[in-house]
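*Asks:* Chain by chain, the residues run as shown.
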Amino acid sequence: MIDEFLTIFLDGAIYASWLFIVALGLTFVFGVLKILNIAHGGIYALGAYSTATLVPIFYSLGMPDQLVIVTMLISALAVAIVITPIMERGILRRFYGQDEVLIVLVTYAIYLVLEDVQKIIWGMNSLYVSEPRELLGALEFGSLYYVGYDLALIGLAIFCGLFLWLVLNKTKSGKIVLAVIHNPEISGCMGVNINKVYLAAFFVGAFLAALAGSFTAPLISVQVGISVAVVIESFAVVIIGGLGSIPGAVIGALIIGMARAACVHKLPEAEIFIMYFCMAGMLIFRPKGLFQGAQARKI
Amino acid sequence: MPLKLLNNVFFQSIFLMSLLVVVGIFIPNWLVFVITKAIAYGLVGLGIITLMRGGLVSFGQGFVFGIGGYTAGLLGTQAGLTDAVLLLFISFIFTGFVGLIIAPLLARYRDIFFAMLSLAFSMVLYGILIKIDAIGGSDGFVLPESTYFGIKPSKEYADYILYVVSVIMTGIVSILLRYYYDSTPGLIALAVRENELRVEYLGSSAFNVTVLNFTIAAGLGGMGGALNGIALGHIDPEFTYWTTSGEFVFISILAGYLSVPAVFLAALLLELVRSFSGRYFPDTWQLILGVFLILSIIFIPSGIGSFFKQLFDKLKNK
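Sequences listed follow chains A and B, in order.
Using our numbering, the final residue of the first sequence is 301, and nothing's skipped along the way.
Using our numbering, the final residue of the second sequence is 319, and nothing's skipped along the way.
Simulated from the structure, these hints should not be mistaken for laboratory data.
Some hints here could point you the wrong way.
[What the hints assert, rightly or not] Computed cross-link-like contacts, DSSO-like style, restricted to lysine-lysine with a CA-CA straight-line distance of at most 30 angstroms:
(1) B:Lys132 x A:Lys121
(2) A:Lys268 x A:Lys36
(3) A:Lys268 x B:Lys156
(4) A:Lys36 x A:Lys174
(5) A:Lys36 x A:Lys172
(6) A:Lys174 x A:Lys198
[Unchecked claim] Pairwise CB distance ranges (calculated):
(7) A:Ser145 x B:Pro105: 42 to 52 angstroms
(8) A:Met126 x B:Leu188: 43 to 53 angstroms
(9) B:Pro283 x A:Ala231: 23 to 33 angstroms
Beta carbons: idealized from backbone N, C-alpha and C, even for Gly.
Next up, chain B with everything else stripped away, as it sits in the complex:
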């Protein structure tokens, strides 16, 4: 019985979420911030994982990351909406909607062409954003401080509260995604990855599955962008730049497409490497990041998630 409970997604997530919330009290503030940013990046990575299950990798998730960030930012500055929970939710829905509109255009493409076309979308957005001076051009703009259900927390707790909110919201999203992955369209995606033509012959639509996956990925990316913007308190066109998109791809490759928590672990690893190398080697942090990327691809090509899966499979067989 306890083992069965341990294998239940719902239980696992609640356990992880409460663990993170409690741990958050005891860890220093900078680490809370780093984890919040890792969650934001992880959300986008989760979107790419969703696409990867259908055999596609988007090199332009900066597109939805930016849209989500700017949605939250503009709602905050122009409409005066500062409730973080609401902002995250609206960004999720709105960016998902944008994703639904452009998905049919992208869903015809495969492999490197899909990656490049999505990259083109993100770079067009980048080009537009740096030209619009009304929203700060290439400097971006500052977001108003967030509130939570009408209450504005004092400065020292603001980071922690955002952290708790993001842990809970991400936890909910992760549970829903796990159920989606194991649902019929979620499993068809895996079949599309293996052999698209056979899936079509068997009467399912690879196109529809891809559109659905892209929409979900867009929503997740938007939520991640909003969270990143709120956490930083600042938004600029760099959100949509191709190097940012490259980091998302890295997170999802490092995690592999098998496990949801692995994505956040990969994102946290990336954030930690980045903050440490940024701190101790400010001039050469890209070099360290690059070497880290190469080494992790050489040594764990199938991703952290494959470790997790092996572990759980062993647990199940006992």
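Excised from the complex, chain A in its bound form:
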């Protein structure tokens, strides 16, 4: 009984951490740029693919095993560096200030393009990089065994969330970003270079997506179609938590992560749509998500 509870809790926590890293980028980008980015899932997949490509190269160089984490970070960074100028400067900038739904559609189009880009670059075969997962050994909880790498993901999620929150609230550049979130026009008048803030924010979002992808790569087989589930699940998280809210993303990821883990163990039939139930249920009681403040209405 206690074992089962612990299993659900740990599985849920691991799943929630993964979900949180993806959703954090999504919700941050929405907060700053007011763009709900469907292509976020595509960036996630690119992160996974680039890790699956770079890590075997790293091992063939014969460097110390621990440095593989650095390789994974670099691969996520590389994806963000390549994708940000193309997406933000190249395409999305043309649509700022337009209807939200129109921009969602544009990112949907980018998502479609990214899907095929993956196929063109990496082909249809599955890639495997399970080596980093063995790096941290296994941990024992009573009668349960957990892979250390999986549990380390929880730490990574907490680090990402705290780091972003601290940068936003405790540093000058973070406060500038908050000002831009609050009112881009006034911030612009005060001398903030809004385009630069947008670019940086999008970069952070893309990096978080790619990071989630690259650290998930050792857990899964990297193949065509891994981005589809990510899109919808991270959407559900940010909708539950309230768009643009970091604490909201934490709660949303935890709710969905735990609900999903409970379902897997107790009611496997419902696994596929449990998160939609969570999302619909939350919206019925809090139409704008958990952490969305009151907004002035224009009469």
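Knowing the structure of chain A, use the given hints to seat chain B on it.
*Replies:* Just chain B now, kept in the frame of chain A:
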């Protein structure tokens, strides 16, 4: 006088319908099929347009598309009902009814929240459909061949006859919709789009208009789903998947909310791009579709319909 006639919705539609029916005889079979599918998608797009007039965009029209398709399919396989006209009509009514039931739940939401909640509905349905093995699970099932008023057409004419039926039924629906758009609730929807609060202060209910629009959109989506299922001869849960819903949104954005025929033109464009890229670039058709989407949003952000409207306004002023 002729100009006045030219501006009459009824006349325009009859003219377009007869033109399409005649043209259908001369074009190759694959194009007939593509146009039929475009009409099916256009019907769903028309539903989104109806919502868009009230300022809402649904990202989950796959929900009603799927319900319509499965209604027609299950009536065909389980109840032995194969009359295409009847199936389309029943799907329209039934899905509209389902829409009426869930509309009050959705009508409280706006913008992206409406889009996401409707998406949640469609994905729940998707999750359920792929789990029910009795109706094929994720493989779906095959529909029996359609009949028309008791007659089963031979294989070579079946596509054309379905095409004619869909052109006529869609024509009728389009005429009715045009009248609805210009009626009092139809015009209130436009006001809701501009400023909901003022509409409420003036004594109309934005909620009621939204419920009505959603119900109509659901019925249209159901009819489109049924038509798509009948045309393909096959139904699967992919009908309700979010990428399918995304295509519907694209059709309505490309068309804009001003014109009814523009929706079908947009749907046809999408179908043509899809079939051509699927044929010549089978591995990268999504890439081509995506680039097409981006370019069309960049170059015609207000939709094909705005061209039409300008054209007709010029005609009227002459």
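*Asks:* Are the Cα atoms of A:Lys36 and A:Lys172 separated by 30 angstroms or less?
*Replies:* holds, 23 angstroms
*Asks:* Using the beta carbons of A:Met126 and B:Leu188, state whether their distance is inside 43 to 53 angstroms or not.
*Replies:* holds, 52 angstroms
*Asks:* For B:Lys132 and A:Lys121, compute the direct alpha-carbon distance and say whether it is at most 30 angstroms.
*Replies:* holds, 29 angstroms
*Asks:* Starting from A:Lys268, check that the Cα of A:Lys36 is at most 30 angstroms away, please.
*Replies:* violated, 38 angstroms
*Asks:* A:Lys268 and B:Lys156: Cα distance at most 30 angstroms?
*Replies:* violated, 50 angstroms
*Asks:* Are A:Lys174 and A:Lys198 close enough, with their CA atoms no more than 30 angstroms apart?
*Replies:* holds, 15 angstroms
*Asks:* Mind checking the alpha carbons of A:Lys36 and A:Lys174 for me, to see if they're no more than 30 angstroms apart?
*Replies:* holds, 22 angstroms
*Asks:* Given the hint of 42 to 52 angstroms, is the C-beta distance from A:Ser145 to B:Pro105 inside that range or not?
*Replies:* holds, 50 angstroms
*Asks:* If you check the beta carbons of B:Pro283 and A:Ala231, does the distance land in 23 to 33 angstroms?
*Replies:* Distance hint for B:Pro283, A:Ala231 holds at roughly 24 angstroms.
Taken one by one, the earlier hints fail for this structure at numbers 2, 3, listed in ascending order.
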